[in-house]
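Those letters in the sequence shown? Residues 21 to 492, by our numbering.
Everything labelled a hint here was simulated from the structure, so no lab data went into it. Take the hints with a grain of salt, since some may be wrong.
[Said to hold, decoys possible] As a list, the in silico DSS-like pairs of lysine-lysine whose alpha-carbon atoms are at most 27 Å apart:
1) K65 / K247
2) K141 / K251
3) K464 / K247
4) K343 / K123
5) K142 / K459
6) K65 / K141
7) K142 / K467
8) K251 / K142
9) K142 / K248
10) K99 / K343
11) K142 / K285
12) K304 / K65
13) K467 / K248
14) K248 / K137
15) K248 / K285
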Amino acid sequence: MDKHDAKNKKKWEFPNVFALLFGLIVLATAVSYIIPSGSFERVEKEVNGNVQTLVVQGTYQSVEAERTTFFGIFEAVFKGMENAAPIIFFIFIVGGAFGILAKTEAIETGLERLVYKMEDKKFLLIPIIMLLFALGGATFGMSEETIPFLFILVPLAIRLGYNPMIGASIVILGSVSGFTTAFLNPFTVGIAQGIAELPLFSDKGYRIIMWIIMVSVTIAWVMFKAKKIGKLRQEGKLDEDELDLSNYQDETYSLKDVVFTTRQKLILVIFTLTILFLAIGVTKFGWYIMEIASLFLLSGIIMGIIGKMNYNEIADSFIDGCKGLVPGALVVGFAYGVLVILEESMTIDTILNFLASSINGLPSLVSAIAMLITQSGLNFLVPSGSGQAALSMPIMSSISDLTEVSRQTAVLAFQLGDGISNAITPTSGVLMASLAIAKIEWTKWAKFVLPIILIQYLLAAIFVTIAHLFVF
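All chains should be built: construct the whole structure from the sequences, respecting the hints.
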C-alpha cells in the first residue's frame, strides 16, 4: 500500500447503534438455527397489587418452532417498531412537549439569572447548579437538554478560577448522577417498570434516598476537585488535570443581568406542577404511558401559550422536540426487533434456561450484582436508556423470576448500570458532543472522572445489595 492509499484509508469507527442492533437481529436469526427451541410455562399472578406474567421455574421443555427466513430478518424491524409503538409514540409526545418548554428559554434564562446573582458566591454555584441538573435528570431524564449549558458553564468555570473540567463536570456529572438514581424519569424507570409489569414509578421512596446519597457524593467530589484546581491556578501551578487554557482565550462568557420575565417564571411553575401531577397520577390513579404522555402534551401547550407562542410556533417547537428524540425512539423499535426473532423462533426461553442453569446454586445477591454489571456493559453498545430497557428488561425480568431476584431489583440494576456509564462511555452521543463543546479529549476526561465513576459503582453495588436483601 503506497502513502497515498494509506492516507485515504478510512479510519475504523465504532459501529452506529442501529448497525449494532441490526447485527444483533442477524445474529439472533443465526442462533435460532443452532440452538433448540423451547418454552417455559407462564402464569399470571398478582404481585403487590399488579398482575404479572411470571416464568414458572422447572417447566422448561423443548418444542418445535419455525425458523426465521432471510426476508424475516427485515420484517423483524417492522414488527419491532409495531410492538414498540406505544413506547415510541410516548417518547415522541413527551419529547415534543419538552421542545415547547425549550423554546420558551425559561430554564436557560433562569439559570443565567442565578449565575449572575451568585457570582460573588462562586463556590456555592457548584452545588446549587449541580442540584438543579440532578433534579432534571431524576424527573424528566435531562440529558441532551444539558448540552447548551456547556457554552455557559465551561467559560464561566475558567472565569471563576477553575478549569474546563470543572465546568463540564457541573453539567455532565450533575445530570448523570440524577439520571442514574431517577425516581420519576419516564424514559428509563417508567419504560423499564412498564416492561417488567410493575406499577409505574413504584418504590420511588427508596430511589429518592439513593438520589440524595448519589448526588451528594458527586457534588462533594466536584467541589473537592474545584477547590484543589482553584488553589493550583492561584499558585500558578498545573496538575495533571489542568488543560491548556489558551484554547479558550477566544471564548469568554460575559455575565449579564438577563431579564427573567414573569411569563418564564410562570412557565417553570407550570412545569413543576406537571411533575407533581405526574407523581399523583401514577401513585393514586394508576396512570400509564398514555396518561403521562397526554399530561405532558397538555402541559407543553399551556407553556407555549403562556410564552406568547402562536399555534404554528407551538407546533414547530413540538416537532423540533420530536426530532431530537428520533434516534432514541427508533432504537427502541430495533431493540424490539431482536426480541421478535428470539420469540418467534422460541429460542428466548432456551437462552433463559441456559442462563438460569448457569447461575443455579449461586446466591441470589450474586445474580443481582451480575445484572448491574451486565447492564453497564450493555450501555456501551446501546447508550439509549429507553432502547436498552426495551432490549434487556424482557430478558432480565424473566431471569429475575428464575433466580429469586425481584423484578424491582432487576429494574434498579438496569437503571444504575445504564446511568453511571453515561458519564464515561465513548459511544454516548450526548457525552461526546458535550466534550467537543468543552474542548476536552475523551481520554483526559475519562482519567479525570474515573475516581468518581468507581465511587458511584461502589454505591450502586451497595444500593442493589440493600434493595435485594431488605427493600424489594
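Hint check results:
Proximity of K65 to K247 is assessed by CA-CA distance (about 54 Å); at most 27 Å being required, the pair is judged violated. Restraint check for K141 and K251: the C-alpha separation of about 16 Å stays at or below 27 Å, so the hint holds. Distance check on the hinted pair: K464 and K247 sit about 19 Å apart at the alpha-carbon level, within 27 Å; holds. Between K343 and K123 the CA atoms are separated by roughly 14 Å; this keeps the pair inside 27 Å, and the hint holds.
Straight-line distance between C-alpha atoms of K142 and K459 comes to about 23 Å, which keeps the hinted pair within the 27 Å bound. Between K65 and K141 the alpha-carbon distance is near 56 Å, which puts this suggested pair outside the 27 Å criterion. The hinted pair formed by K142 and K467 meets the criterion: a straight-line CA distance of about 26 Å does not exceed 27 Å. A threshold of 27 Å between alpha carbons decides the hint, and for K251 with K142 the separation of about 14 Å falls inside it, so the pair holds.
For the hint pairing K142 with K248, the CA-to-CA distance comes to about 15 Å; that is within 27 Å, so the pair holds. Restraint check for K99 and K343: satisfied, since their Cα atoms lie roughly 22 Å apart, inside the 27 Å limit. Note on K142 and K285: the hinted pairing holds, with a Cα-Cα distance of about 24 Å set against a maximum of 27 Å. For the hint linking K304 to K65, the alpha-carbon distance of about 22 Å falls within 27 Å, and the restraint holds.
For the hint pairing K467 with K248, the CA-to-CA distance comes to about 16 Å; that is within 27 Å, so the pair holds. Distance restraint check for K248 and K137: the Cα-Cα separation of roughly 24 Å lies within the 27 Å cut-off, and the hinted pair is therefore satisfied. Between K248 and K285 the alpha-carbon distance is near 36 Å, which puts this suggested pair outside the 27 Å criterion.
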